[in-house]
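S.K.: Those protein sequences? They're chains A and B, same order as listed. Position 70 (the first sequence) corresponds to 70 in this note's numbering; numbering is contiguous. Position 306 (the second sequence) corresponds to 306 in this note's numbering; numbering is contiguous.
If you're looking for bench data, these hints aren't it; they were derived computationally from the structure. Accuracy of the hints is not assured; some may be wrong.
[To be verified] On the chain A side, residues computed to face chain B include the following (Cβ under 7 Å):
(1) MET13
(2) ASN324
(3) GLU326
(4) HIS328
Note that beta-carbon positions come from the ideal geometry of N, C-alpha and C, so glycine has one too.
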Amino acid sequence: MFTMIPKKRELKMRNAILRGIYEDNLRIIGKHSNALSDKAPSFLKKMFLFFFIVLLAVLGHWNYQNLSLFSEFPEKQITASLITQEPSSLGTELQQLPAEKSVSPSDYKAFLSGPDIPLSRVFGLEVKTIMIDPGHGGSDSGTAGKMGTKEKDIALDIAKRLRERLKKYGNYNVLMTHEQDSTLPLNKRVELARLGRADLFISLHLNYLPSKPINIIETYYFGPSSDAKTLKLAERENIGSQYGLSDFKEIIMKIGDKLKLQESKELASSIQKVLFLNSKKHNGNVYNSGIKRAPFVVLLGVDVPAVLVEVSCLSNREEEIELNTESHRENIARYLQAGILDYLNKGEKSYEAKRHTTAR
Amino acid sequence: MKQKDTQQQDSILFAGIDLGTSRSSISASNLTREWIESYVGWPKDFISLQVVGKPVLFGSEALKNRLSLDLCRPLEHGVIKEGIEKSEDAVKEIIKHLIELAKPSPEQKIHAVVGVPADTLKVNKLAIRKAASEFAHSLMVVSEPFAVAYGMNLLNNALVIDIGAGTTDFCIMHGTIPSEEDQKTILTAGDYIDEQLYSYLTEKYPNSRFNKNMVRQFKEKYSFVRDVSGEIHVEIPVDGKPVIHDIKNEIKRACESILPAIIETTTEMIARFDPEFQIKIKNNIVLAGGCSLIRGIGEYLQNALKEYGPCNVTHVENPLFAGSDGALKLALDMPVKYWEPL
Ligand SMILES: Nc1ncnc2c1ncn2[C@@H]1O[C@H](COP(=O)(O)OP(=O)(O)O)[C@@H](O)[C@H]1O
Ligand SMILES: [Mg+2]
Ligand SMILES: [Zn+2]
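Produce the complete structure using the sequences and hints provided.
M.R.: What follows is the structure, given as structure tokens:
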């Protein structure tokens, strides 16, 4: 049977597909189809214009993170304020971290206040297993750039490169929370880190700053924060967590675990330093946001030193283009690796000697 | 294939390119069809350059001279390969070489459609476009299983499973350009079979010397799943003397080792659709890629997937060119106005 109607339908389907391919490729090179926008009804355009102006006006008055978007997540807001509330008790205790003052008996003092040797090494704890956590995945894409580059894809790609590099370096067992772009709730990631007996946990993400055309690099370790911007980011990264409020409270209580905290901080600064200094060589427009404490669920649940790195920024157009090149992603992996190794080998003479002679 | 008017045919060469993890091919509107192994090698130093006599080598020639070369298989795991900054150059060389093999006449413009593994596409679109743009006047990049589907006119109600070397790529067609959810790439494919077979054989015959290349040849010659009649014996030197080895069971186990992941992914991908559409897709599953040549693989999958209702699995006629032929068909069907801005 061969009737006109299915044939016509097939033709239409085929044309739609061909057009789709064309538009997809236009997007890749950052152009937009004129034909497409011509088709948008004019009232839609006007509406868009209207909202755009309103948005500009709003942004003119407030910082974007103060937008009332927050109130859409009442539970999270409570969480956030819970964490920021008590600078008196928990906060200060956490800030006065230096372990040599609060934990160690005086006998150890000389030992601990010596050169910056990671505490874990002092106690003979060796890092054997490194768990890399590519942010987001599957149906959770994270943020996306204007050309359609997705946070989850870049994070996964960089994570794989980092894994290969660390593996090649030799001494470590390197695991990933997921490698095939799968949807994975945050508590599952935490569980994987536990099951894999990870000694270090590194979560990779990409930033998005709607209001500023810059690239920004920052590294987080777990802890309470009172900074609104940080909390906003934490909220975004915590979506998909299945922890309840009570879990939060309990785990925060448990963070008397200073070893983890100090180590995480050291790891964070080591990564941030190498990543920023090197990224700056490529993109003069990159800002060092430094290391920060933030209540990210992935960092919270893990018992070992854990950091979350926002390795780059997808809202920055040049950066998005760069992130689409293999060499840039490889470079980021390289800097991350260097940051991690610097932390792990701090104080080790042979490593430091090598570090100074080989340009990495 | 649709005929373009002759004037256009003369001034433009349309080309479909399949960038595979192990083999890459080109099909062009001047009816050439060529393929190479996706290896690129550059002489390691000046002496090597003297030995091989060329600045860059491809495919089997590159493999043969591997000792003198920096060898790169740029898409090994479906993503532009990790760790080697050269791989972008390697992709470039492969595309350049394939286009040369198609022998365009000097005044012809080239309009090319390039198919790549679905996962590669996610983060390397721009890189692939950059690599190809020097050699084509206008260019589109698509996912490889989609090109296969398009080439076979499977625009609706179909699932293409392309089982290659480094990756198995899935693509569900439902009348539109497939979205990200409609496509999936997993890493269990031909290379994985090779690894399994290698370890099974070295375990069974610890005194015999196997190598990866040899094992791949065994696979390509004898591959099967389920059952085949007859023995599978090969001759391998042990202490310098050729000895007969029975490898039938190992071949079967290795070939079957990729199937659970393929079945699982298929069921997962189909499950997202309503039952009526599920039935339609399951009756139109098409296998492509080199590993679709494994004897009995279609029947195996058909049986395994039958558990949840009827199912029909077929395979493409020519796995070596199904991708590039599909890409060529896309290139020929693409309206002229779409080529210009690209
Ligand atoms: N007859 C065969 N039986 C089993 N596997 C085969 C056969 N012929 C080729 N292959 C395998 O198919 C794979 C190559 O398939 P191909 O579709 O060209 O891959 P890709 O597109 O990833 O480059 C290789 O692993 C090769 O060994
Ligand atoms: Mg292929
Ligand atoms: Zn993120």
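S.K.: Does each hint fit the structure? Answer for all of them.
M.R.: Evaluated hints:
1. A hinted interface residue such as MET13/A counts as satisfied when its beta carbon comes closer than 7 Å to some beta carbon of chain B; here the least separation is about 5 Å, so the hint holds.
2. A distance limit of 7 Å between C-beta atoms decides the matter here; for ASN324/A the minimum to chain B is near 4 Å, and the interface restraint holds.
3. Look at GLU326/A: its Cβ gets to within about 5 Å of chain B, closer than 7 Å, so that hint holds up.
4. For HIS328/A, the suggested interface contact is broken, since its CB lies about 10 Å from the closest CB of chain B, more than 7 Å.
In this structure, the one hint that does not hold is number 4.
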